[in-house]
Every structure is written in C-alpha cells, then in structure tokens.
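If you're matching them up, the sequences are chains A and B in order. Heads up: the first sequence begins at 1008 in the working numbering, then just goes up one per residue. Heads up: the second sequence begins at 1008 in the working numbering, then just goes up one per residue.
A few of these clues could be false.
[What the hints assert, rightly or not] What the simulated footprint calls covered on chain B by chain A, stretch by stretch (three residues with Cβ under 8 Å from a Cβ of chain A suffice, anywhere in the stretch; the number is not a length):
#1 1016-1027
#2 1127-1136
#3 1144-1151
#4 1157-1166
In case anyone wonders, no lab produced these hints; they're calculated from the structure. Don't be surprised by glycine CBs; every beta carbon is placed ideally from N, CA and C.
2 protein chains.
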Amino acid sequence: MTEWIWLNGDILPLGDAKISVEDRGFQFADGVYEVIRFYDGKLFTAPEHLARLKRSAEGIKIPPPLESTHLETEIEKLLGASGLQDGMIYLQLTRGVAPRDHVYGSMPPTLLFYARELPPVPEPGAGPGVKLISVEDQRWQRCWIKSIALLPNILAKNEVVAQGADEAVFIENGLVTECSTSNIFALLGPRLITHPVGPKVLPGITRELVLEIAPTLGLIVEERGLGLDELRQADEIFITSTTREIAWAARWNDHPIRTGRCGPITEKLQQAYRDKVRAATGSALTTA
Amino acid sequence: MTEWIWLNGDILPLGDAKISVEDRGFQFADGVYEVIRFYDGKLFTAPEHLARLKRSAEGIKIPPPLESTHLETEIEKLLGASGLQDGMIYLQLTRGVAPRDHVYGSMPPTLLFYARELPPVPEPGAGPGVKLISVEDQRWQRCWIKSIALLPNILAKNEVVAQGADEAVFIENGLVTECSTSNIFALLGPRLITHPVGPKVLPGITRELVLEIAPTLGLIVEERGLGLDELRQADEIFITSTTREIAWAARWNDHPIRTGRCGPITEKLQQAYRDKVRAATGSALTTA
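In isolation and in its complexed conformation, chain A is listed as follows (with noise of 0.2 Å):
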C-alpha cells in the first residue's frame, strides 16, 4: 500500500519525496520532530503534541510554519488520504534549506508528515516485557527540545540492543534521567516515581498522561532522579512512549525485575491509559 508524506503543503507518495542536500535538517540536525499516535483512523493527544512541537521549534527558534489547530487538520486529511486505521504520525520540521552556514538567516522552513501502520501493542499485563540495560548519559544538556539530533540516542539504543536488550537507560551522576526513546517510572511500594523534566528528560506525552492517572490509583508521585540502588528494590519499572504506550520492564541489566512478570500496578495503569484512549477516539483498541 502507498504511503503517502505531507511536505511542504503537498500531499505525495512517500517514496517520491525528497529533501534537498542542504536542507538544515540534513546537515545540522536544525530540527524537532513528533510522533502522534492514531487508533481506528483517529489522532490522539494531538494538541498536547502539537503544543509540545511549538516549544520544541521555540526552544531552537524556528518560527511554526502553521498554527497547531491549522497543523491538526492538516494531518487529519493526510490520515484520511492514507486509509490507515491504527499507526503513527512522524513529523519532522526543520529551518529550510540554506546554502551551508552554521549561521542561520530567514528562511522558510521545512515541515512533513506522514502516517504509518503500527502493530497493536500487547494487552494490558501480557508481552514479553521489556529488557533495560544502563549507560552513560552523554547526551547534551537540552533534551527537553525533541530535536532530531539523536546520534546519542541512536549509539546508546544500538549498543544495548547487540547485547539482546530493548532499551537503554541513561544513567547522569548515579541517577536514572530517562531511556534513548522512552522515560521510565519506578514503583517503590505505593510511591511512583520519575525524574523530572528537564535538561536530561523530555516531557513525554504519555509520561504525562501516566502521571494524571497515578493518584486516581492511590499513587504518590515523586518526581525526582532515581538512585541505582532504588532501581534494584523497586516492586515494578515500567517506560512509557507513544508508541509503546505503557511497556513493563522485566529485566535490568543482568536482573529480573521481581517476579519476572508484569506487575499489578503497572497493568493497572495501562488499563486506565487504554481507557484514555478509548475514551479519546472511540477506538476498540484491538490488541496482539
């Protein structure tokens, strides 16, 4: 099935789109980007991606080419142009093209998008449950801007994954900040706990939905770095992502988590997230 890409206020075949060698996405990382989840043919948390889209172009000042209530209705078309029901929206914005200058004048910038069939995730409680490896935090000081320059991130994921993990975990001065595509959450007994956001933390969407849900299960939410040593004792770890959703970890570095299996905190929390989303879209939200 074609897939079709939004660029620039031309809807193609992704396939045929093609960005010039000097656009400053290709040679800078000059960008930010999105990912937007739909469920049966519908956007979810469009608005808050879409706000968090303009701070990340504010925080690298590259002026929104289109307001986000303009921007939500274009991706409505395209993802009724695509037929997809259950997927992604990726979206990637950067200054333009410019002859090669790290200096930067006026220029329109680039904007895309384009819809993806994603697989269902797992039902609440079920999957393989994900394995985390650690590692140095050595990425730059803004990781709130959801910027595309993720060389860091791409090395830290591929270096875990050879050693047959899904995900790494960034570890800064002893303390957990977040994963290379996810943050993560601890539960020590009815406390959950996060780092905040921040230079090391991006504002996830989901982690954010997570962190609205917590206290209606009779949370305590405790945003804060977590140490290495509370990692270990903590009754379940969970990442959060918006294609992921809510994924339960089962192992950390050469340690099960527990009991190996999903805990009942965090099956709790994908239910009321699921709820969000079929509350949000309608969707039946068929699963694997």
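Using the hints, position chain B against chain A.
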C-alpha cells in the same frame, strides 16, 4: 556557475541532488562529515581529513563505502569538473536510507561531497580579528566524532552572533574546551595552550598543524584545559579551522585582547601555516 555534487557515485548539479526523507542523516543526525580546503585546484591535507572521516565513521559504526585513497581520487575528479580554484569540499556520510527506526540494520550508506568557492583569508597579521563570547558547553561527550548532530553548535554560534560576536567559546567546569566551529589556543609568554582532543574537543586538522609548527618557532606546547583567568591574561588568542586557517581573536566577551591587533606570534604561525599550504599545493595564495 553550476555547483557540482558527487552523490553515491553520480556527479550532478547540486541543485538537482535530493535525499530521501528517510535518510537517517535527516531523521536521526546519524552521520559524519568533513570539510577539506583546496588551494589553486589542489586538495590540502586530504589524507588527514579522510583518516579522520574514517575514525568518525568507525566511532558511530558506519562502514565507509570507499577506501580513503579511492575516495580522494573521486574528490579530485569532482574538483576538476567543478573548475574551482580556491574553496572547500563539503563531504557527508550517513548510515543510509531505511524506514524510520532507532535500531539500524545493514544498509548502503549515503555518501556525497561537493565543491564550493571560498573567499581568500586575510594576509598574515591582517583582517579584523575575531570576537569571542563564552557560553556553557552543553554538548554531548563524543565531540571527537565529527558528527552532523550539530544543533548544539548551531544554537551556541547563533546566540553569540546575535550579540555581535563571531564565535562561541565553550566553557565546561570553568575550563575552555573548543569553539562552536573551531579549536582555540592561547599564548602566555612562550607557552601555547590548547585543550586536549577528547570528549569535548575535535581533533582539528589545522589544530594539529599548529601543534607541529609551534616548536619550530620556539613555543612550548601545553595540551590542557585553559582556565578563564589564564584566558584573561593571555598575550594572544587565536582560533583554528579548515576554512579560517588561523584567525586571531580581538575580543573576549566585553574585553579587548591586549593590543586589539594580531599578535606577533599568531602572525608567525599564520605565515608558517601558509608556507605549508604553498609547499603542499603549489598555490601562490591570493589573499584578501
């Protein structure tokens, strides 16, 4: 005049050269680059640049598609076709094109290079002098890799340019590391001081040549982090890069550096550097 590009083995006009939206260089900054100077139609220090390219590529596990000597021949062909006498080769190597996924498999890399004219640099001792402003070093920890994940450099550079400066000097823990697009040196009496290559400092080719030349002028080289106090007391400060060669610094934040003119030792280094260029390329070196 048409600019020409070598793109995955084909030579075509730069304006016609397009990259896939799913090139990992565009979506992940998953690539490395080089800038090689040519004078009078001859490449300068090409083997050193191509050896660094190889190290950078190995640093992010991209298999180089061509042997360095073969690559140099291809660059020379393009340079000949371009008809340019004085300028730079911009070269970029990315992991290649694949459906977006942090985890990479095996794929053919994207390799490209193009030639572009550059204005001549000022005569030794001449020119307006570079204005420097210091900024906090917020970059990642593998700056020895010449990666295209340049967003932190872009932000720093443009921040100081907006304040009327030319170049941002990165400071980490009170020590000078390098600049946003160059290495930096200070002269204190007979001592020439620059930060060692490593997590925060690129192995600059011009930097390396300066370290070779320095002892022949009676200078004592010290490779260590420069304190801010030392920088304030420096007799001369200069920056080095492939395109700017050795550029003397006139201002450091709000302070003029000593006399506000190019210092005598910097001028000698510039002359010795240009002697090397003449010897290697046969260029008469037309200067500004």
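Structure-based check of all given hints:
Judged by the Cβ-Cβ criterion of 8 Å, the segment 1016-1027 of chain B is covered by chain A as claimed, because 5 of its residues qualify and three suffice. Chain A is given as covering the segment 1127-1136 of chain B, and this is violated because 0 residues of the stretch bring a CB closer than 8 Å to a CB of that chain, at least three being needed. Chain A is given as covering the segment 1144-1151 of chain B, and this holds because 5 residues of the stretch bring a CB closer than 8 Å to a CB of that chain, at least three being needed. With a threshold of 8 Å between beta carbons, the proposed coverage of the segment 1157-1166 of chain B by chain A holds, since 8 of its residues qualify and at least three are required.
In this structure, the one hint that does not hold is number 2.
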